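**Q** Sequence:
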Amino acid sequence: MFSFAEFLDGYRGEAVCTWMRANLEIPSVVSVLYIVMVLYVPNMYMNSRPAYNLRTLNCLWNLLLAVFSMTGAYYCIPQVVRSLFVPEFTVRNYQQGGEVTLHGSIYNGICGWNDNLFCDGPVGAFVLLFIVSKIPEMIDTAFLVFQKKKVIFLHWYHHVTVMLYCWHSYALRISGGLIFASMNYSVHSIMYFYFFICACGYRKYVRPIAPFVTFLQIAQMVVGMVVEVVTLYHMYFSGKGCQSNATNARVGFMMYVSYFGLFSKLFYDNYIGGHAAPSVAVTAAEHNVVPRHPRVGVSARMAVVAAAPGMASTIYDPECKQIVTEMHTIKRRH
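Quick note on full-length UniProt numbering: the sequence shown kicks off at 1 and runs consecutively.
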């Protein structure tokens, strides 16, 4: 009988790293298929079809990702804390048996690679699961497409670039990868649980924490930029070196900068630049529907839009963005 605990304990990452290095074309193929789904399925397949009712599946999907992220955070975060802040600690030597003593510091945590920390055992298994999860996470977009929801640029850009970067990082054994995985697990634990509650129809109860969810994502991008800057500093200027890849670090920094800009703009547009007003059609906003009854004028519809920023604000909840898009359409028409 399969034992998940035994799988975690016996996991060794060397063979997987080697296989991923030999198959770098896989994420590229997945990206092409994904972009085809985003750009062509809505117009060529869904255009003449009604939206599918996927509410139950969406609830279960978000709950699954929330539980998965919480489990990954449980295993990975303690290892990150030790490698960054504990002066001396021991970890199991998975290759030779016994234990090995390691020294934690900011430099070692970001620039020091050790198979016992990052590649083998339970932590190594969840780093791998983090990497490969970026492919099934694209199902987020399928839910939007087949429910005829708008897929905004930030949504699909984020999915594609994260998947490509993660595969490349794991294949090349990037020393800062455990920090990135731990951050992402932590943020996704909260984010997907929030979306689970929203998908179940209880959005109004968690609406006040929507800005906090987006803020966590922005904070994640800031930390990512800092890690990449430290990596590049030690690779080029300090003389200490860094067990990473220069191209990966440069691309990673640019990627995090782009995320920071896009998420910050989203936060500003939804929570700072907008002016929320009391809505006469809150029920419609809760169900992601802008009323079209002739008695409901533009001002009432605009009130729904004004309420939208409080509903949600992240790339994974673009139902709200659809309402914001509706607002711009109304402005152009009137």
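These are calculated hints, taken from the structure and not from any lab test.
One or more of the hints may lead you astray.
Restraint-style ranges between C-beta atoms, simulated for each label pair [unchecked claim]:
(1) 202 - 240: 47 to 55 Å
(2) 264 - 44: 32 to 40 Å
(3) 70 - 92: 39 to 47 Å
(4) 50 - 106: 50 to 58 Å
Using 27 Å as the maximum straight-line C-alpha spacing, the simulated DSSO-like pairs for lysine-lysine come out as follows [what the hints assert, rightly or not]:
(5) 149 - 134
(6) 150 - 204
(7) 148 - 265
(8) 240 - 148
(9) 204 - 240
(10) 204 - 149
(11) 150 - 134
(12) 150 - 240
(13) 148 - 134
(14) 265 - 149
(15) 134 - 240
If you're wondering where the values come from, they're calculated on a predicted model, not measured in any experiment.
The beta carbon of each residue, even a glycine, is placed where N, CA and C say it ideally should be.
**Q** Between the beta carbons of residue 50 and residue 106, is the distance compatible with 50 to 58 Å?
**A** holds (54 Å)
**Q** Decide if the proposed pair is consistent with the structure: residue 148 and residue 134, CA atoms, cutoff 27 Å inclusive.
**A** Roughly 23 Å separates the two Cα atoms, so the pair holds.
**Q** Holds or violated: are the alpha carbons of residue 204 and residue 149 at most 27 Å from each other?
**A** The hint holds at about 20 Å.
**Q** What's the verdict on residue 240 and residue 148, does the C-alpha distance respect the 27 Å limit or exceed it?
**A** Given pair residue 240, residue 148 is violated - Cα atoms ~52 Å apart, limit 27 Å.
**Q** Does the structure keep residue 134 and residue 240 at a Cα separation of 27 Å or less?
**A** violated (32 Å)
**Q** Residue 204 and residue 240: Cα distance at most 27 Å?
**A** violated (52 Å)
**Q** With 39 to 47 Å as the target window, see if residue 70 and residue 92 comply at their CB atoms.
**A** violated (23 Å)
**Q** Looking only at beta-carbon atoms, does the pair residue 264, residue 44 fall within the given range of 32 to 40 Å?
**A** holds (34 Å)
**Q** I want to verify a distance hint. Is the separation of the beta carbons of residue 202 and residue 240 within 47 to 55 Å?
**A** 50 Å Cβ-Cβ, so the 47 to 55 Å window holds.
**Q** Within 27 Å, alpha carbon to alpha carbon, are residue 149 and residue 134?
**A** With a Cα-Cα distance of about 21 Å, the restraint between residue 149 and residue 134 holds, given a limit of 27 Å.
**Q** Going straight from one Cα to the other, do residue 150 and residue 134 come out at no more than 27 Å?
**A** Holds: residue 150 and residue 134 sit about 21 Å apart, inside 27 Å.
**Q** Between the alpha carbons of residue 150 and residue 204, is the straight-line distance 27 Å or under?
**A** holds (22 Å)
The earlier numbered hints that this structure contradicts are 3, 8, 9, 12, 15.
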